[in-house]
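Enquirer: The hints should help you fit chain L onto chain Y, whose structure is shown.
So the chains spell out like this:
Number of protein chains: 2
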Amino acid sequence: MAKKTSTSSASVKDRDRATLTKITGLAGDVAKRAFADKEPLITIPTRTKSNTLWDKRRGILQMGDGTAERQLFNLGQAKQFMQTCLHASSIKDLINAEKTLSLRGMFYKGLHTVAGTKEKTFADQDESDGILEDLEVTLGALREELHIFAKKAGTMVGNITIVDSGDEIDCRRMGSGGYAIPSICEPNIIRFKKCEAKFVLHVEKNTVWSRFNEDRFWEKHNCILTEGGGQPSRGVRRLLYRLHHELGLPIYCLLDCDPWGHYIYSVIKQGSISLAFESERLAIPDARFLGIRAKDYQECELSDDVQIALNDNDIKRANEIAQYPWFADKKPWQLEIRKMLANGFKMEVESLITKDISYVTETYVPERLKAKDWLD
Amino acid sequence: MAKKTSTSSASVKDRDRATLTKITGLAGDVAKRAFADKEPLITIPTRTKSNTLWDKRRGILQMGDGTAERQLFNLGQAKQFMQTCLHASSIKDLINAEKTLSLRGMFYKGLHTVAGTKEKTFADQDESDGILEDLEVTLGALREELHIFAKKAGTMVGNITIVDSGDEIDCRRMGSGGYAIPSICEPNIIRFKKCEAKFVLHVEKNTVWSRFNEDRFWEKHNCILTEGGGQPSRGVRRLLYRLHHELGLPIYCLLDCDPWGHYIYSVIKQGSISLAFESERLAIPDARFLGIRAKDYQECELSDDVQIALNDNDIKRANEIAQYPWFADKKPWQLEIRKMLANGFKMEVESLITKDISYVTETYVPERLKAKDWLD
Chain Y
1 MAKKTSTSSA SVKDRDRATL TKITGLAGDV AKRAFADKEP LITIPTRTKS
51 NTLWDKRRGI LQMGDGTAER QLFNLGQAKQ FMQTCLHASS IKDLINAEKT
101 LSLRGMFYKG LHTVAGTKEK TFADQDESDG ILEDLEVTLG ALREELHIFA
151 KKAGTMVGNI TIVDSGDEID CRRMGSGGYA IPSICEPNII RFKKCEAKFV
201 LHVEKNTVWS RFNEDRFWEK HNCILTEGGG QPSRGVRRLL YRLHHELGLP
251 IYCLLDCDPW GHYIYSVIKQ GSISLAFESE RLAIPDARFL GIRAKDYQEC
301 ELSDDVQIAL NDNDIKRANE IAQYPWFADK KPWQLEIRKM LANGFKMEVE
351 SLITKDISYV TETYVPERLK AKDWLD
Chain L
1 MAKKTSTSSA SVKDRDRATL TKITGLAGDV AKRAFADKEP LITIPTRTKS
51 NTLWDKRRGI LQMGDGTAER QLFNLGQAKQ FMQTCLHASS IKDLINAEKT
101 LSLRGMFYKG LHTVAGTKEK TFADQDESDG ILEDLEVTLG ALREELHIFA
151 KKAGTMVGNI TIVDSGDEID CRRMGSGGYA IPSICEPNII RFKKCEAKFV
201 LHVEKNTVWS RFNEDRFWEK HNCILTEGGG QPSRGVRRLL YRLHHELGLP
251 IYCLLDCDPW GHYIYSVIKQ GSISLAFESE RLAIPDARFL GIRAKDYQEC
301 ELSDDVQIAL NDNDIKRANE IAQYPWFADK KPWQLEIRKM LANGFKMEVE
351 SLITKDISYV TETYVPERLK AKDWLD
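Respectively, the protein sequence lines represent chains Y and L.
Under my numbering, the first sequence has 277 at position 277, and the numbering climbs by one with no breaks.
Under my numbering, the second sequence has 106 at position 106, and the numbering climbs by one with no breaks.
Just chain Y, with the same shape it has in the complex (with noise of 0.2 Å):
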């Protein structure tokens, strides 16, 4: 499966007009308002649960059609008229600067007392934050449309070649610390040049990804290594999307038999509830979840040492998991769910290392894949 895509330059300056044009708009409609006497005010979807609408034949989350307003003459709605304000203002900086900003950085830039009082713009990074979903939700623009970054986390190697900013990276040699794949993975920033993987594997963690890399699976089995520390970053997940979108590659996810493993799946899959208007552009429905599996106790005749209890709070979670709309109607993530309760235990990917080193590259994920065992 040797694919290419480009994104040219002018599509790119093209991309970021765009967003520059949706910001000016938003300011003019602000100035259109106040210039025929109206109340200056702001439209903005409602970014709560009761507004996130699960898409059940496109398989994703939506946004609802709620919207709240927020008015410059409203004492209880001018701080936040004017937050958003300075934001959009620093984002347009931000775009015709060509340069990018971390979510830290947009709180200090913004950051200053308001004029004539001992008030400042933002009490902390959290309110600085928030306003960001609001723009972003408003503009509908990705935050790494609106040139905005996160901390970054997660390596890459395998069989693709890849241009980051200009720079051809071959994944297929960057030995044993890979690539570190970057907070914005946006086309403007990556393209994917040359491909023969035939997946993706992604796993938890960066110990086991290291245990992957080291074994070479990604040049035994045709494939891409990814690995996202914990919880993919946002950054992670749009890779992994434009991996399954672009080049049309399967995205397998290695991650523990716990509620935070079943979770990050989760995540990857269908996003969060409370942030439903990413997931027009980072879910992947098509995910599959290859392990650890509940039954794999038995099936891989693992010994007790295995075992981590399941706290209440692990029992809360899976429940709560086993309601998502994505797992609600699934019997095969029901029975999975039921399982792992039945069971009492946990076990991570790393309990397969009682069973052999390499026994998790060689033997567990290769017939798994073999035998198409995995739910989804």
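Treat the hints as calculated values from the structure; they're not laboratory data.
Worth double-checking, as some hints may not be accurate.
Since the list gives no way to pick one copy over another, a pair counts as held whenever it fits inside one copy or between any two copies.
Unchecked claim - The calculated lysine to any residue pairs, modelled on SDA-like cross-linking and capped at a C-alpha distance of 25 Å, are:
1. K92 x Y359
2. K193 x R172
3. K193 x H221
4. K370 x E133
5. K194 x T161
6. K118 x Q307
7. K331 x I321
Expert: Just chain L now, kept in the frame of chain Y:
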């Protein structure tokens, strides 16, 4: 400064062979005592603060001569004796198989029920980690030489080409993501091939690193740019150590002006008191603290927006750090910490964004380097 070092495959094998010899020596001593009708025991250097000495002349922490015995026929020591032998045997297997394993993996590999009892070999990973530290000091070998690794973190770009596990990696062409620094940066994994860089700039956070990389600081100032994701892992520290000692590159640290930033610098410079045995091959006594400095509030004309109040714990930590032996007799460090305490607030590197997004890369760091204005 284009130096070249190389580690031939033969010397790698020599090193592994030396480690193996140490392990079989350990086992041999135990056997010899047993055959001579003496109690089998292992003598282990004591890893306590009281057995840690500050070698002022060499500028590093060292372990004293204190040792403790672990006897097989001593109820209070038998379990640790067995655990030590178990892990020593696993390490021998790893070296022979030319594989590496994570700390978590070592726990699982050694985990089983002691024959004839219901007791597990290890209660938890902490117990396993402690035994591995014992083996490091007993064998006089770094954990990495025992083929054991921890979670990796950290990224590098800059004017250097390295060879990682046989793959040549040009850190000048690593895009926005960078080269992910592996957990084991020993010469058998990483070789330095071609380096024009004149120094290393190490920053605390990967979001700050991204700013420097985006502004191509390493290209403009001919350096290497690293980050450690907070407190740097041993992999990152070992890489910095080798860049400093093998290539002669000065290491400049850009960290927050708070006790945590000072502590990170202290760890890079000297290591942690509780793990003095690592210092010999991890500490960089000549590392330099470039900023953020307590004086920067005035000197960079920052607004009060950037002040983050010191809390009681910060004040306690600051006073503790001031008394570390490598800070205690350094007047500039005493003044620095006193000035921070007098300010009453911390400042993050990101606070410079209030001046301009690229103030830190275009003004702050270049000016400080030019004026040789740092602490060491």
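Enquirer: Any hints this thing doesn't respect? Which numbers, in order?
Expert: 4
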